[in-house]
Amino acid sequence: MHAEEKFTPKTWPAAPEKSTLEGKNKFLGFWLFLGGETVLFASLFATYLALKDRVPDQSMAHAKDLFELPTVFLATMLLLFSSLTSVYAMYHMKNYNFKKMQAWLLITVLLGVGFLVLEIQEFNHYVHEFHHTFTSSAFGSAFYTLVGFHGGHVAFGLLWITSLMLRNAKRGLNLYNAPKFYVASLYWHFIDVVWVFIFTVVYLMGMVG
Amino acid sequence: MSSYAQKKGFLGTIWDYLTTVDHKKIAILYLISGGFFFLIGGLEALMIRIQLAVPNNDFVSAGLYNEILTMHGTTMIFLAAMPLIFCFLNAVVPLQIGARDVAFPFVNALGFWLFFFGGVFLNLSWFLGGAPDAGWTSYASLSLHSPGHGIDFYALGLQIAGAGTLIGGINFLVTIINMRAPGMTYMRMPLFTWTAFVTSALILFAFPPLTVGLFLMIFDRMFGSNFFVVAGGGNTIIWEHFFWIFGHPEVYILILPAFGIFSEILPVFSRKRLFGYSSMVFATVLIGFLGFMVWAHHMFTTGLGPIANAIFAVATMAIAVPTGIKIFNWIFTMWGGSVKFTTPMLYAVAFIPTFVAGGVTGIMLAVAAADYQYHDSYFVVAHFHYVIVGGVVFALLAGLHFYWPKMFGTMLNEAMGKISFWLFLIGFHLTFFIQHFLGLMGMPRRVWTYLPGQGFETANLISSIGAAFMGIAVIVMVYNVIHTQVRGVKVSNDPWGDGRTLEWAISSPPPFYNFKQTPLVRGLDAWWLEKMEGKKEMTPAEPVGDIHMPNNSILPFFIAMGLFVAAFGAMYHVDDKPWAIPVLIIGFIITLGSMFLRSVVDDHGHHIHKEDLMDDKDKGVKA
Amino acid sequence: MANHQSNSGNPSVDYEYRRKKNAEEMKHHVVSFALMIFLTLVAFAAVYADMSKWFIVPFILLLAAVQVILQLYYFMHMSHKGHESPQMFLFSGVFVAFLTILTFSTIIWW
Amino acid sequence: MKHWLQKWRLVSAIAVLALVLSGCGEPYLSTLDPAGTVAQSQYDLMILSTLIMVVVIVVVFIIYIIALTRFRRRKGDDKKIPKQIEGNHKLEIIWTTIPILLLLILAVPTVSATFHFADTSAMEKKDKDGKHKELVVNVRANLYWWEFEYPDLGIITSQDLVIPTDQKVYFQVKASDVKHSFWIPSIGGKIDANVDGVNKFWLEVDNDKAENVGNLFYGKCAELCGPSHGLMDFKVKALNQDDFKTWVSDMQNVKESQPTTALAQEGQKIFQKNCISCHAVTPQDSRPETARSAPNLATFGERTRVAGILDHTKENVKKWIKDPEAYKPGNKMTGAYGDLSDDQVNALAEYLMGLKVQD
Ligand code: HEA
Ligand code: HEA
Ligand code: CUA
Ligand SMILES: [Cu+2]
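Protein chains in written order, with the UniProt record's numbering: chain A, 1 to 209; chain B, 1 to 623; chain C, 1 to 110; chain D, 1 to 359.
Derived by calculation from the structure, the hints in this document are not laboratory data.
Be careful, since some hints might not be right.
[To be verified] To be clear about the criterion: a stretch of chain B counts as covered by chain C if any three or more of its residues have a C-beta under 8 Å from a C-beta of chain C, and this derived list gives those stretches: (1) 228-242; (2) 300-312.
[Claimed, not checked] The calculated lysine-lysine pairs, modelled on DSS-like cross-linking and capped at a C-alpha distance of 25 Å, are: (3) D/K314 / D/K356; (4) C/K27 / A/K6; (5) C/K20 / A/K99; (6) A/K170 / C/K21; (7) D/K79 / B/K536; (8) D/K235 / D/K332; (9) D/K200 / D/K255; (10) C/K53 / A/K10; (11) D/K332 / D/K314.
[Stated by the list, open to error] Taking CB as the label site, the calculated pair distances span: (12) D/K126 / B/G305: 15 to 25 Å; (13) B/Y186 / A/Q58: 35 to 45 Å; (14) C/Y73 / B/N178: 15 to 25 Å; (15) A/G152 / D/K200: 53 to 63 Å; (16) D/I105 / C/Y73: 44 to 54 Å; (17) C/V94 / D/V55: 16 to 26 Å; (18) D/K200 / B/I482: 57 to 67 Å; (19) B/I554 / A/G152: 50 to 60 Å; (20) C/V94 / B/K490: 15 to 25 Å.
Just so you know, these numbers come straight off a predicted model, no measurement behind them.
In this text, a Cβ means the ideal position worked out from N, Cα and C, and glycines have one as well.
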């Protein structure tokens, strides 16, 4: 089986993620999926923009009252750094250095977990301090749906990368799993892209009013 | 024959289909279930027409009528037309581009099972307290107001089925981009493959807005959110936009493959290559592109303001241009050809004027200021049945007769085919032509009955009589299918004699690995080119070698079934049923567990060995 | 099918070359990452600086767009060969996304 | 715009098509028999677009028929292979440009009419008392009934819309429960009644046309709104300016029509007990909108229909009160009042039929 052939750094191909037909298909299919995800998130952003600050009773908290930029900044940094670390992981993947790849992936996962923890704390804060919940207003529904969908993506990404790491821990890199790692890292970057818009559109623009 | 396709017995066959990842078998699954839902949707249409045959009729009650109406539209669009199109995509596209299979056979199977479980879920509503009743558009204020679980069935069912369609679309995009046989450049792809490509792209971008819209609906109805609840700050127009941002591309998702089927049939039975191939490709892409910029023509009366209405009106009209290009190219394909009127060709020939009639009423509807009169009247019903039945359904029926030999190796009876064609054609025009006038005379659509004395009686009666003709036509067709399969006379590779594209170069039905050797494509209409040079088969692009095949798997079935189970949990969670949340969780465990299995258990597929393939040669083609 | 895409006959020369190229690319990545962090800082600073809303909103949206382009073209290699189809489909997605957002911020006014 | 339309009116008058079409439908209901400015322009647009479409269809048909008859495969052609033609640039240019031109002809009046119909700027003009200078009617659509409020005149009616002819009437349309759509086919195209906010538009009725149909037009709900959507009809009384003025003052001056017969007085009592919580019986109803949960019955005796659909007879009123569900499934009146005996229903009907403002 070609896909499971053993390699050395020298025989390892330049673009391992696209060296088999399966890999090529997976690579392209995943990019297409990201095209669809773009529209999916755009729809959620659009909904959020239409419903931002729409509350049944004007005494309820608006975006301006809720958000705390320091936390958001911290979360942003965690996610941005995790994007860089996953680039490092792919760098080592291309160099056929499995151990280093795994190490960087682990850091990526840890950063991602940190991000999720911050997000959960943040939500918790809104719910308890401001009674800003999923059901309290259209604003709340739209906010939690958009940010929560992103958070869900982060969580799924963490599970995905972790199980890839565990599953392949013993057998190292080959052409069967290289595309899988590559695609997972694409996914992770995409999550970062979405977050860039979330912190801009939801949080920063929310503070400007 | 290699050992994989043997065993059998009845249960064996069932198991084979439950686990299959072969695009040809998946095509058959789509055909059977899509065909079944077409009969259901048709039955619902007949009930609509019976109820409306005379004024003040009480054949069905008002509430039931709305359920039938909603399920008719939803079933026909999502559970009949879409899967039947996927049937032909699966049956034909890989063969046309000379591929062994699709890019993601597993995902292909998963797409089917998602559609299937979504469809079953939706239709179970009939037995579990009532079907959805807010129209196939399910506008938010009414659908939130609707009691019972009907709308929940709609939202959850479509969500599941829609996920299947989305991954199906991605699968075909990758297949077409990556798996074409050597020599098959983009501009040598058969037009059906081109339309499959553009349709899949439309699916990729049109379904996410529907997904989001349905999520918001599910959250509002089942989890207390306020997206469409005005009192909570929500806005119902959001739903309308999402529905139509999806809904308008959706009608082009349906019609483009229909155009593709006709673009295959017309050249074959005119014995002449498609006129203006490159402009046809261009028009297809342009229709796909414009299709995303016109959705608000369904919302002219919503109150978007004159600027939006004017922009969308003009953008909508623009679609007439690429569509017109196609119409004229089809006619000029026949011009100078040698036209033979087989059953598929009859449908193609009937399609041209019918679709033009439906298309031009579309342009009339695009005149925003006049649409204030047409909107939500029977004029609209007439328009869209002209394009959908006259376009999509004609294409599906044409494709059924045209590709039947390729899918099953037998030939549908031509005499019966023609009888049912004429019945259907006459019935169709009888039913829908007169509805234009009903609309102009002031009859709104979606009314469960009408009062006497408003001038609607005669036209409605005529319309209902037409529907009866269509019913008989369908019965003849079903009989034809059964009759043909029982007789089981096998046919050769190219039973129509004038096949032009690659699928006609291999046996009918093709072996499960398709091409023994990937063919070398030397131009448009690859098979025709070879035939004209007196060859009996395609020139191979590779020596005979081992063929890599994917393994069968039951996991797609379970992934889809898990969501089906979870949907019940989500739905009954509203009624505070104690078992609801556990069921929801169990469902997700089934799905995620199956996905997990899929990703941790390596599946490298298997190989058919060269020697076995050599064996096959001796047996020759099945005929 | 699995081909080892070597361009020169000598695998070890090829190997050295690739190593170097990868390392160089990684350097680019780090630079673009620094740029991204910088842009983020500017965006947050702009909001803290409390300037006019009409300036800040377009400005931070621009910053976000630049950042995303960096992500796509550097981290996700979108400019590399073999990314033609991904580019086309991603931009089509962006086009639909843009239309959707434009609609929802203009003609839903209630 | 106007000029253009008038020219078209001439052309359309002689168009055979128009003759064919205007034979269709009832004059009080059909879009093909326009009785107002808006409906007329819309009709002109229909005729224009239909003519263009007929041109398209005829051209397509001619080429199509020729292709089919000349090039069918005849006996002995079995072996013949026609010449394989790739395309023809000249032809392709022709069938790209001609449709574009046809569409331009259609697009210009479309855009202009769209803006014309949306022009409600006159509505914003108020006099010094804060009243609109033009006649404004607030239309509120409810599950299966319509309320018409004349905010500047202090009048509220239900089911029957009364408007003056030969004058632009401005409407503010909204819904109180689910989405409906306000449509009077022979007077002008529809506009949706949304739950989210108010839609504005105007209509104008032609007096001669109104007289032709006894001043009475049909209106319909044109958006699926539940089981009885198909029965959510209303009537439009289009009165000439003088009659309208009389109607307004009658409505403003009436206090509450008092029953005259004993039976009716009996009915009034029952009404006060069972029905008044929802139905008002004076045209001035100071309750807030949300409290006005049922049709105003002040002019019930003058209605042309019961509940918008039944002929206006006492028998039908009785039938309605006994079992509204049988006539309008899903309506909001069913089950809202206790059981009533036949006598009580009879008394109620007597009382209701006597509720008149004009004689
Ligand atoms: C397969 C499905 C299909 C197709 C192909 C079309 C094609 C078109 N449709 Fe249709 N449409 C529907 C399915 C479809 N539609 C459905 C289901 C609804 C109702 C949904 C609901 O409310 O439930 C609907 C409703 C609908 C409306 C909303 C009406 C309303 O609710 O008020 C409008 C308005 O603009 C419209 C327009 C068009 C146009 C302009 C085209 C164009 O694409 C047509 C183009 C074709 C031609 C024009 C003919 C060929 C061209 C020539 C021969 C060239 C020369 C022509 C000219 C110069 C005119 N459609
Ligand atoms: C692909 C789409 C599609 C197709 C093919 C059809 C096909 C037909 N439709 Fe349509 N229809 C819609 C999509 C479609 N429809 C949509 C989207 C709506 C709008 C819904 C809404 O407003 O929300 C609609 C609405 C609609 C209405 C308007 C109802 C209303 O507004 O109140 C009417 C009325 O005449 C109608 C009639 C028909 C008829 C007679 C057919 C015929 O062509 C059907 C022909 C088929 C048959 C006659 C099969 C009969 C089957 C048998 C005889 C065998 C039965 C046996 C077994 C099951 C064992 N349809
Ligand atoms: Cu109100 Cu339909
Ligand atoms: Cu449309």
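A quick look at each hint next to the structure:
With 4 residues carrying a beta carbon less than 8 Å from a beta carbon of chain C, the region 228-242 of chain B meets the three-residue requirement, and the given coverage holds. Here's how the region 300-312 of chain B fares: 3 of its residues keep a CB closer than 8 Å to some CB of chain C, so the rule of at least three is met and the hint holds. Between the alpha carbons of D/K314 and D/K356 the distance comes to roughly 14 Å, so the proposed pair stays at or under 25 Å and holds. Between the alpha carbons of C/K27 and A/K6 the distance comes to roughly 29 Å, so the proposed pair goes past 25 Å and is violated.
For the suggested pair C/K20 and A/K99, the alpha carbons sit about 20 Å apart, so the restraint of at most 25 Å is met. Of the pairs offered as hints, the one joining A/K170 and C/K21 is violated, with about 29 Å between alpha carbons and a cut-off of 25 Å exceeded. At roughly 17 Å between alpha-carbon atoms, D/K79 and B/K536 fall within 25 Å of each other, so this suggested pair holds. A distance of roughly 20 Å separates the Cα atoms of D/K235 and D/K332; the hinted pair therefore holds under the 25 Å criterion.
Restraint check for D/K200 and D/K255: the C-alpha separation of about 31 Å exceeds 25 Å, so the hint is violated. For the hint pairing C/K53 with A/K10, the CA-to-CA distance comes to about 56 Å; that exceeds 25 Å, so the pair is violated. This hinted pair checks out: D/K332 and D/K314 have alpha carbons roughly 21 Å apart, not beyond 25 Å. Checked against the given bound of 15 to 25 Å, the beta carbons of D/K126 and B/G305, roughly 22 Å apart, stay inside it.
Checked against the hint of 35 to 45 Å, the pair B/Y186 and A/Q58 fails, with Cβ atoms roughly 57 Å apart. Between C/Y73 and B/N178 the Cβ separation comes to about 23 Å, which falls inside the hinted range of 15 to 25 Å. Take A/G152 and D/K200: their Cβ atoms lie about 42 Å apart, and the range 53 to 63 Å is violated. For the pair D/I105 and C/Y73, the supplied restraint of 44 to 54 Å holds, since their beta-carbon distance comes to about 46 Å.
Look at C/V94 against D/V55: about 40 Å separates their beta carbons, and that is not inside 16 to 26 Å. Between D/K200 and B/I482 the beta carbons are some 59 Å apart, a value that agrees with the proposed interval 57 to 67 Å. Checked against the given bound of 50 to 60 Å, the beta carbons of B/I554 and A/G152, roughly 28 Å apart, lie outside it. Remark: the range hint 15 to 25 Å for C/V94 to B/K490 is contradicted by a beta-carbon distance near 51 Å.
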